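Participant: Spelled out from the first residue to the last, the chains are:
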Amino acid sequence: MKQDKTYVEDVNRAFYDFRYEDGDSYKVESGLTREIIEQISREKNDPDWMREFRLRSLEIFHAMKMPVWGPSVEGLDMDNIVTYVRPNTERMHTKWEDVPQNIKDTFERLGIPQSERESLAGVGAQYDSELVYHNVRKEVAEQGVVYTDLESAMRGEYADMIRSHFMKLVPPTDHKFAALHGAVWSGGSFVYVPPGASVEIPLQSYFRLNAAGAGQFEHTLIIVDKGAHLHFIEGCSAPKYNVANLHAGCVELYVGEDASLRYSTIENWSKNMYNLNTKRARVEKGGRIEWVSGSFGSHVSYLYPMSILAGEGAQCEFTGVTFAGEGQDLDTGCKIVHGAPDTTSHVNTRSISKSGGVSTFRSAVVVTEKAAGSKSSVSCQSLMLDDISRSDTIPAMDVRTGRADIGHEARIGRISDEAVFYLMSRGLSEEDARALIVSGFAENVSKELPLEYAVEMNNLIRIEMKGAIG
Amino acid sequence: MSKEIVCRPLAETFSWLRMGGTEVTLPDGRRELACRLTPHENRTVVLEDAEEAALVTADLAEGACLQLVSIRREGAAPLTYSRIRVRCAERAEFHWYRLVLGGQETYDDCVVTLEGKNSAFTADIGYRLQGEDSYDANCEAIHLGRRTDSRITASGVLSDRARKLLRGTIDFRRGCAGSAGKETEDVLLMDETVRNQSIPVILCAEEDVAGDHGATIGQPDEESLYYMGTRGVDEAAARTMLAEARVDAVICRIPDADLREALMKETEA
Amino acid sequence: MGTELLRAEDLYVSAEDREILHGVSLRIGRGETHVIMGPNGAGKSTLAGALMGDPSYEVTGGRIFFEGEELQDLSASERARRGLFLSFQNPVEVPGISLENFIRSALEQRTGKKIRIWEFRKQVRKVLETLQMDQSYAERDLNVGFSGGEKKKAEILQMLLLGPALAILDETDSGLDVDAVRTVSQGIREFQKDKSASLLVITHNAAILNSLEVDAVHILADGRIVASGGRELIPAVEEEGFARFEDPQREEAGA
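Protein chains in written order, with the numbering used here: chain P, 1 to 470; chain Y, 471 to 739; chain F, 740 to 994.
One or more of the hints may lead you astray.
Listed next, the in silico DSSO-like pairs over lysine-lysine satisfying Cα-Cα at most 27 angstroms (straight line) [as the list claims (entries may be wrong)]:
id, chain 1, residue 1, chain 2, residue 2
1, Y, Lys735, F, Lys932
2, F, Lys852, Y, Lys735
3, P, Lys65, Y, Lys473
4, P, Lys138, P, Lys271
5, Y, Lys652, P, Lys375
6, F, Lys853, Y, Lys735
Some residues of chain F that are not near chain Y, with every Cβ distance over 10 angstroms (derived) [to be verified]:
id, residue
7, Gly807
8, Glu817
9, Ala819
10, Glu858
11, Asp880
12, Ala945
Since the hints were derived computationally from the structure, they do not count as laboratory data.
These numbers come from a predicted model, not from an experiment.
Glycine included, each C-beta is placed from N, C-alpha and C at the ideal position.
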């Protein structure tokens, strides 16, 4: 970590803020009409059902109201958002060398191919709306694991599987931005892990939004079949523009009987991004979903990964950290529905607010009548780094059976002066001491991430903490 | 007859949960109680829930202390509603002791503003609900002054098809440096058919504060039942004792000895 | 030897599907004090739990008789009402029920008779004094916020007030400072004054035994009683530890 104080103000995001002139081949008109949706559908060569699905979603989108309970999305002018941007590449590339140079440079800077070479089983990278690069290690492919882009999968041998799962967990009627997603979704990944297969090394995807005023609407569909295991990592970033960007992606995860899936995310969208992402998992009997989630970027976030524990003994573990700095209003948390007997959930989150940032932890734990014998524990801690920021905790619990065991704890506070003094007495500067304490506070997440991601996350915290002391 | 949204909390949760306020048709009658406490005045008020909607406003001057004991009894009225608004000046204290011993529908909406520095608010809520009883409450502590303190403690028992919804909010406004708020909830579920909803909210716009929340919601725990069993208390008796303990814990805190003893006797029977 | 009070025959006990006791037999006569010593993990607490009927242990073989009656199908409270008592290593905190009210209710349940509050309170005060506990403990919620030492004393207090026929003390001395051990011993001696009262003292520390009358000592290692004898076993353990009692086969293999 360079300790250069002179460009603290500007450097803090420079690593992620580089961009290239967008020489886009094609942009659709601003605003959303039936014609635009049909045009997108034609361009994508959608099957008929998908074209119908998009049009139906558009109607729902127009009919639904904006959410009234979260952070303001007034800065988002839907009519001026170019909903579909396709970078200058023709088709998917399976060799890194074939990806166009400017896109390649972007991903090289983000370290994507390196990490693939080092430890990841497969990498898919999404640049704006199209998936530009995709590869799965041979040994993973040999287990029958499918990792491809959703659009080509929709026309291949998994067509029926996709049709029966696509937006079944998150229907377009879920909320306005789910409907928008259903209408304009583009790109994203499809992963299928066959029964009993176990992917030891993580699969990774990386999303990057490069065009100004653009939307990214990727769809991730993962099916982990009976007794199979997978770790999937997604990373997101975007350079900074003055125009608002929108990310309304959708993640649907199906975890089969006795299967397990770990879904890790490090989100570092630039601070003009409206991140209205919807993530949901359905877990069958004896299955397990683990969410690891780091939210650092975005101007506004609404993000509450939901776990539906549908089968007996299904489990959910959610570990998250949210860091809201200047100009950020990050409303994050999770939702858990205990829908079957003897299901368990554990939630452990941390949030940090600084320089006027607003972080809100919002959660819902619902234990239905069918979930006798279920257990849930939620623990959320918040750290206020100054007195101009804000940190709210809004956890809801709805227990509809008498045979349940629910625990919840929340704590909010500041960095203790004693801890800072202790570290300074061992020779650390005050700034480093505070950064170290904040990194330690976020350790619940960093210790769950693969090393290179943990390092990146700690770098993000350091960058955010730099210049924190006036 | 007027329809009102009662118990609307400061912060909204997800709209699909429908926990952000309840629409209720309130009785026409209004019983108003407005108290103005002079500096260092100490007063205890006992309020029994009745047919009319009870509207309590209290303005506590410097160093004043108000203790409000409000009791909801089984047969009082099918629906009762009480709204409590209290403002505390410097070093003023408001203590609310709330007992809900039954009743078809009970609504409470209590908002306390800690304006003066070193002012304090405590709420001790105890409920015992059975049959079709329901209790819907909102309790907010708004910290404005420096070094203000709040504590909201709720403990209760739900049997049969009883239902309870508690929204507790600790709201640290900017400038309330040195303040602390603590909310604890303990709900005992005696039957499969009960329903418990809780939203323990902490809002915070100040760095130098300590906010805490803890909730345990569940059946009588096996460990306690076994422990009590080793002393010869059988399971049914142990469950009854654990249930009574929830309400007793609140009664024990009532400062007025006569009232305390009387309530103890009443709840034992 | 006194007339038989408790007899455990060839007990096999499991917890979470793991067998912990592999055939333990024990016979305690009326008025006798037995000691069980053994290293950590030997199964001492498991034995105590199995005798008391802790639902987290499963007795997979063998039988337990108390006053000639088989205990197998009896719950903990039924065993307690027949005169068994267990002092817990780490008793659970029960908010909302005061220590005094709890013991009174337990006694009332056992006898089926109402107990006069004032007379009982006097009795409680006396025992609190014996145990050098502040009088306020009577009013405090059962074990809530008690320190480790206070919890142990509160257990002994309950033993003295409930007056069981057999009290099992599970590591009642662990984690106590010298003064507290002395106070607790005082309480146990008080209990021994009743010549028909029996004790089963589980410990891995000899200090608490110094001032107690002891009739028999058993060494429990790896889920089996590997040695039984009189008081003389105590200094043997103090000097040489438990190693010489543990798994003789392993010792041979090592030799």
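Participant: Hint by hint, which ones does this structure get wrong, listed from lowest number up?
Facilitator: Numbers 1, 4, 8, 9, 11 - these are the hints that the structure violates, sorted from lowest upward.
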